[in-house]
Amino acid sequence: MTANNEPTIHVEHDEAGTNVDHGDHDNAYSGLLVNDANWAFGTDFEDPLAGVDTTVPDGVDAKDLGAYCLMLGDDALVFSQRISEWCSNAPDLEEDIALANIALDLLGQARLLLARAAAADPELVPELPEGSPVPDEDRLAFFRNDLGFRNVRLAEVPNGDFAEAVAKILIYSTWRLSIFERLTDSRDTVLAAIAAKGVKEMSYHRDFAGRWVVTLARGTEESKSRLVTALNGLWPLWSELFETHPVETAVAEAGIGVDPATVADEASVILDQVFAAAGIDRPERGGLAGVGVHGGKGRDGLHTEALSKLLAEMQVVAREHPEGQW
Amino acid sequence: MTAMLETYPTDTRTADITDAEAIDRAWAAAERVTDPEMPMLTLLDLGVLRDVTIENGHVVTTITPTYSGCPAMATMRDDLQRELLEAGFPDAEVRVSLTPAWTSDWITERGRQALKDAGISPPGSAPVRTGPVALTLMPTRRAVTCVLCGSDNVRLSSEFGATACKAMYQCNDCLEPFDHVKEI
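Residue numbers (numbering that gives the first Met the number 0), protein chains in the order written: chain A, 0 to 325; chain B, 0 to 183.
For the record, the hints were derived by calculation from the structure and aren't laboratory data.
Keep in mind that a hint or two might mislead.
What the hints assert, rightly or not - Chain B is faced by these chain A residues, among others (derived, beta-carbon under 8 Å): (1) P47; (2) A97; (3) N100; (4) P128; (5) I193; (6) K196; (7) E265; (8) A276.
Built from N, CA and C at the ideal position, the CB exists for glycine as well.
In isolation and in its complexed conformation, chain A is listed as follows:
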């Protein structure tokens, strides 16, 4: 305490360089955390790319790289959020834990991809009031509207029953694994590293979902009927996964991204293997149309209503307290 009995204030800097005031009071929790001031709604994790060289490779348009990482990051974030809704609702504990693990892997991938997007093109990151402690990846996750999200629409489909969950995870991870396997050769070493990690994780996701699809298809009439209903309901979003957005064309030409059209055959063959083992037919449904005269879809920022509701729930607390700290 100073002579005039004013409490002493010392100013510290947290990792974001923000000034942090601490009153001179006893805090039962002081010393437990290395970082005293954390944005209340993000993770307590540091920049997931801390210490990673994020230089954009020669001959690569940083804006294209940023936009592409945003697409991939939004896929992972939105699908992770969807799957995490299963937490405590799965048919049994093992499946509950499995779904939570899958959601966690995807969230980890989303963090890296969004952080990569922000590092490549800082203009993508929403502006917040001066001194806001919100890191870039969380600004991208919590402070963009539906039109800013670039995920494929499959990722946002509202959850149905357990058959729908495994069918959706099978479709997503079959598509995504084919893309990530090629992405490991990206000239962007950060993207290549994220993909290499993701391949290992999503191999488990695809196998998990594939086994359940076979189990349900070969189970009872009821389980088979639910599975077939789920696949029919999801199938209109299959073709969108392999449509090429101009950004994807540009990054594929630059050797840093993958044109999804090039993995369509491989993904189809793998899915057919699962359907064959399951003894069910590939659904026959046309693709879900886009929006407006240009037929915009997920990669264009045009989504189903379900995404808005998902974002409302995911973002509401963060948006209410953009400077909240603990």
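Mind docking chain B on chain A? Use the hints.
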């Protein structure tokens, strides 16, 4: 004597030691840090602690995440910084390395024994791939034995367990449920 460590001149423990001595001391400190979720393993035995070096007079440690979403990364970083602080290196930097991706093959022999001693089944060899990842619709084949009775008559209850890196098994003979660290 080589260049003095500039880290923390007022700390008598590191004020006048050589870089080589500093690295030895920093390694010794970093090696004491254990995994927050599997505390029977040090980060070194888990293969997460990749390097300890001195750069421009500062200790730099490098760690690599086991899984993309591993929630223990921040705790690992904090634990490393705390241990290095106590060893006289107050401004140690912790870097994350994404390449090469972590593999369970990096768990040391000592680490595998520590897992066994704690009732966790250690991983076998990680799959080596050439070409596309094969679809596996049958349960993963592993040579897993019960950590309690040693029986190989075990069954997989789930490929996903209490932490991102583990699967769940149960012994059909003694009925012991146990964790198995997955091969990735």
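Hint by hint, here is what the structure shows:
no.: 1; hint: P47; result: 7 Å, holds
no.: 2; hint: A97; result: 4 Å, holds
no.: 3; hint: N100; result: 4 Å, holds
no.: 4; hint: P128; result: 25 Å, violated
no.: 5; hint: I193; result: 7 Å, holds
no.: 6; hint: K196; result: 5 Å, holds
no.: 7; hint: E265; result: 7 Å, holds
no.: 8; hint: A276; result: 5 Å, holds
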